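> Listed below are the residues making up each chain.
Number of protein chains: 2
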Amino acid sequence: MKLASLKTGSTRDGRLIVVSRDLARAVDAAPVAATMRELLEDWDARAPRLQALYGALNAGTAAGAFAFDPRQALAPLPRSHQFVDASAFLNHGDIMERAYKLTVKKTPGIPILVPRQGDDFRGPHDDYEFPAEADQCDFEGEFAVITDDVPMGVSAAEAARHIKLVTLLNDVSMRGHLTRELQMGFGLVQAKPATIFAPVAVTPDELGPAWQDGRVHLDMKVTRNGEWFGHPNGREMDWGFGEMIAHMAYNRKLGAGFVLGSGTVSNKGYREVGSACLAERRAVETLDHGAAQTDFLKFGETLRFEVAGADGTSVFGAIDVRFVPFKAGA
Amino acid sequence: MKLASLKTGSTRDGRLIVVSRDLARAVDAAPVAATMRELLEDWDARAPRLQALYGALNAGTAAGAFAFDPRQALAPLPRSHQFVDASAFLNHGDIMERAYKLTVKKTPGIPILVPRQGDDFRGPHDDYEFPAEADQCDFEGEFAVITDDVPMGVSAAEAARHIKLVTLLNDVSMRGHLTRELQMGFGLVQAKPATIFAPVAVTPDELGPAWQDGRVHLDMKVTRNGEWFGHPNGREMDWGFGEMIAHMAYNRKLGAGFVLGSGTVSNKGYREVGSACLAERRAVETLDHGAAQTDFLKFGETLRFEVAGADGTSVFGAIDVRFVPFKAGA
Numbered sequence: 001m002k003l004a005s006l007k008t009g010s011t012r013d014g015r016l017i018v019v020s021r022d023l024a025r026a027v028d029a030a031p032v033a034a035t036m037r038e039l040l041e042d043w044d045a046r047a048p049r050l051q052a053l054y055g056a057l058n059a060g061t062a063a064g065a066f067a068f069d070p071r072q073a074l075a076p077l078p079r080s081h082q083f084v085d086a087s088a089f090l091n092h093g094d095i096m097e098r099a100y101k102l103t104v105k106k107t108p109g110i111p112i113l114v115p116r117q118g119d120d121f122r123g124p125h126d127d128y129e130f131p132a133e134a135d136q137c138d139f140e141g142e143f144a145v146i147t148d149d150v151p152m153g154v155s156a157a158e159a160a161r162h163i164k165l166v167t168l169l170n171d172v173s174m175r176g177h178l179t180r181e182l183q184m185g186f187g188l189v190q191a192k193p194a195t196i197f198a199p200v201a202v203t204p205d206e207l208g209p210a211w212q213d214g215r216v217h218l219d220m221k222v223t224r225n226g227e228w229f230g231h232p233n234g235r236e237m238d239w240g241f242g243e244m245i246a247h248m249a250y251n252r253k254l255g256a257g258f259v260l261g262s263g264t265v266s267n268k269g270y271r272e273v274g275s276a277c278l279a280e281r282r283a284v285e286t287l288d289h290g291a292a293q294t295d296f297l298k299f300g301e302t303l304r305f306e307v308a309g310a311d312g313t314s315v316f317g318a319i320d321v322r323f324v325p326f327k328a329g330a
Numbered sequence: 001m002k003l004a005s006l007k008t009g010s011t012r013d014g015r016l017i018v019v020s021r022d023l024a025r026a027v028d029a030a031p032v033a034a035t036m037r038e039l040l041e042d043w044d045a046r047a048p049r050l051q052a053l054y055g056a057l058n059a060g061t062a063a064g065a066f067a068f069d070p071r072q073a074l075a076p077l078p079r080s081h082q083f084v085d086a087s088a089f090l091n092h093g094d095i096m097e098r099a100y101k102l103t104v105k106k107t108p109g110i111p112i113l114v115p116r117q118g119d120d121f122r123g124p125h126d127d128y129e130f131p132a133e134a135d136q137c138d139f140e141g142e143f144a145v146i147t148d149d150v151p152m153g154v155s156a157a158e159a160a161r162h163i164k165l166v167t168l169l170n171d172v173s174m175r176g177h178l179t180r181e182l183q184m185g186f187g188l189v190q191a192k193p194a195t196i197f198a199p200v201a202v203t204p205d206e207l208g209p210a211w212q213d214g215r216v217h218l219d220m221k222v223t224r225n226g227e228w229f230g231h232p233n234g235r236e237m238d239w240g241f242g243e244m245i246a247h248m249a250y251n252r253k254l255g256a257g258f259v260l261g262s263g264t265v266s267n268k269g270y271r272e273v274g275s276a277c278l279a280e281r282r283a284v285e286t287l288d289h290g291a292a293q294t295d296f297l298k299f300g301e302t303l304r305f306e307v308a309g310a311d312g313t314s315v316f317g318a319i320d321v322r323f324v325p326f327k328a329g330a
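These protein sequence lines map, in sequence, to chains V and D. In terms of the UniProt record's numbering, the numbers along the first sequence are unbroken and rise by one, the last being 330. In terms of the UniProt record's numbering, the numbers along the second sequence are unbroken and rise by one, the last being 330.
These are computed hints drawn from the structure, not numbers from a lab. Here the structure is a predicted model, which means the values were calculated and not measured. Glycine included, every Cβ here is placed at the ideal spot set by N, Cα and C. Some clues are possibly wrong.
Unchecked claim - Taking beta-carbon pairs under 8 Å as the criterion, some of the chain D residues facing chain V (in silico):
hint, residue
1, G109
2, Q136
3, M174
4, R175
5, L178
6, P193
7, Y250
8, N251
9, F323
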């Protein structure tokens, strides 16, 4: 099934709705769960009833159905008590390290996992404010999963069964702060402000055979100001989501609503499929020409991320956001 | 006023109570706010009514008052959408760098801020499970503040006004994973599992003159298995909490319930006042004797953290936790 959270005046967690497979229609989930958080905290008991509602919605028999407007959507889970962003496509890191002669002290078999903030997830169409172009505003197109409660000490196979939803995000990145924060080595703060999510999260079964080994085997289409930027595929992730969740859960439990991002989607065939972030394209240009040719984002630019399923329809809806100057007190 | 959250069978956010100044009695906050989260999201409107209840409780005139049992307490805010732990006592880092000949690439004026998980805050008396003594289990006694909504772009002075509560935490640390994760440079995961909080959080006015420049000018008493370990003072923090919140809010807003830890309390007079973590004492031993003499935590050990106010009474109540082996499925 497909789920989204609509803006409301009164709650920070939005109003949970079930969205039809073609993203055209929706129906209120409130009789079963008022918010996505409420659903995730009691998934096994409540999801089957929403699944039935989803069936009726697709069949055109759901009472109270209305047109789905992604402009009214918050992030599917509007805030989370734990958001961790991986860097699970080693190809991306390899390009960056070669271009800039960096060495990340990786340990074989251990994924890069970056703890992040969960209090300010953004909807798919809201203007994104940032303070200064000198901060080198970049994007990272990523897949992400959302879990229910994950016990401490789970195996990768057990962890995979706690993945309840899959979605799409733009991990907005301020490269002007990244090197300083990476060198300090304690984590990313000013380099990684609020994250933007697709309007819809889907259960893994919606992906059909494109959900394999805890990876999304679909292209991530990235468009900058209406022009193609890249369409790398999620299948080349070096760790499955289940493996990374198990690493996280080694000595902690993960609360329902845990969000894990894949890291910027990146493929070995990057010359053909392009990239899902500016930093990677700039690194490729640096390797090829000795210097980057592509600029970081300027105010007024727009970015679109979308993923089509096997039948060509949009799986998660699109992220389509304009980047604008921050005005204090606005 | 002083606030706590009691365990309940049904909610993950607990049940908010007002606790008397001497920590002996409590009264339900539910007529004003059912949970700490609800209060923080609407602080200005609701806090004055709880302040009045607190006055009545201290005067012995509050209806429905009952004995306060810290063993029934969750963390004052049982979970948060954003927890960041600073390392704001540079003295601690200096000792570590000298002992182990490390170099952290700090930028003058910029605090070390470590994004962390907010989904698994622990109460002050619950046994703490961890998988293996080989993980080198350590503790860090810290002060922490909790904010209401902080807008993007605030100044340090404005940020300080968003500090609504102060508390105490034990930032449990697994040193066996720390070097690997620090070298990788993307943040701390297995090195920093769940965090333990004192039973009570207090409004800054409760600290009287001990709350100055966004710092807590009180000793943090640390006891290991009933024996004195250290009592460093919070006044030597190199950044005030307001300054660090402003750094965080440079390009993001911070949601109500943002928790910011101070980092392990550490003083230049460490030979007299001791330390608030094993790693620092071990580093001092390494500097003095060429090798550490103090062991990391073994299963069965207990740790107590407490802070006395000017009149000698406990400000936040005590963290008093036993460390035990993790048993899967227990």
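> Hint by hint, say whether it matches the structure.
Now for the hints, and whether the structure bears them out:
no., hint, in the structure
1, G109, "12 Å, violated"
2, Q136, "12 Å, violated"
3, M174, "7 Å, holds"
4, R175, "13 Å, violated"
5, L178, "10 Å, violated"
6, P193, "4 Å, holds"
7, Y250, "6 Å, holds"
8, N251, "4 Å, holds"
9, F323, "12 Å, violated"
Taken one by one, the earlier hints fail for this structure at numbers 1, 2, 4, 5 and 9, listed in ascending order.
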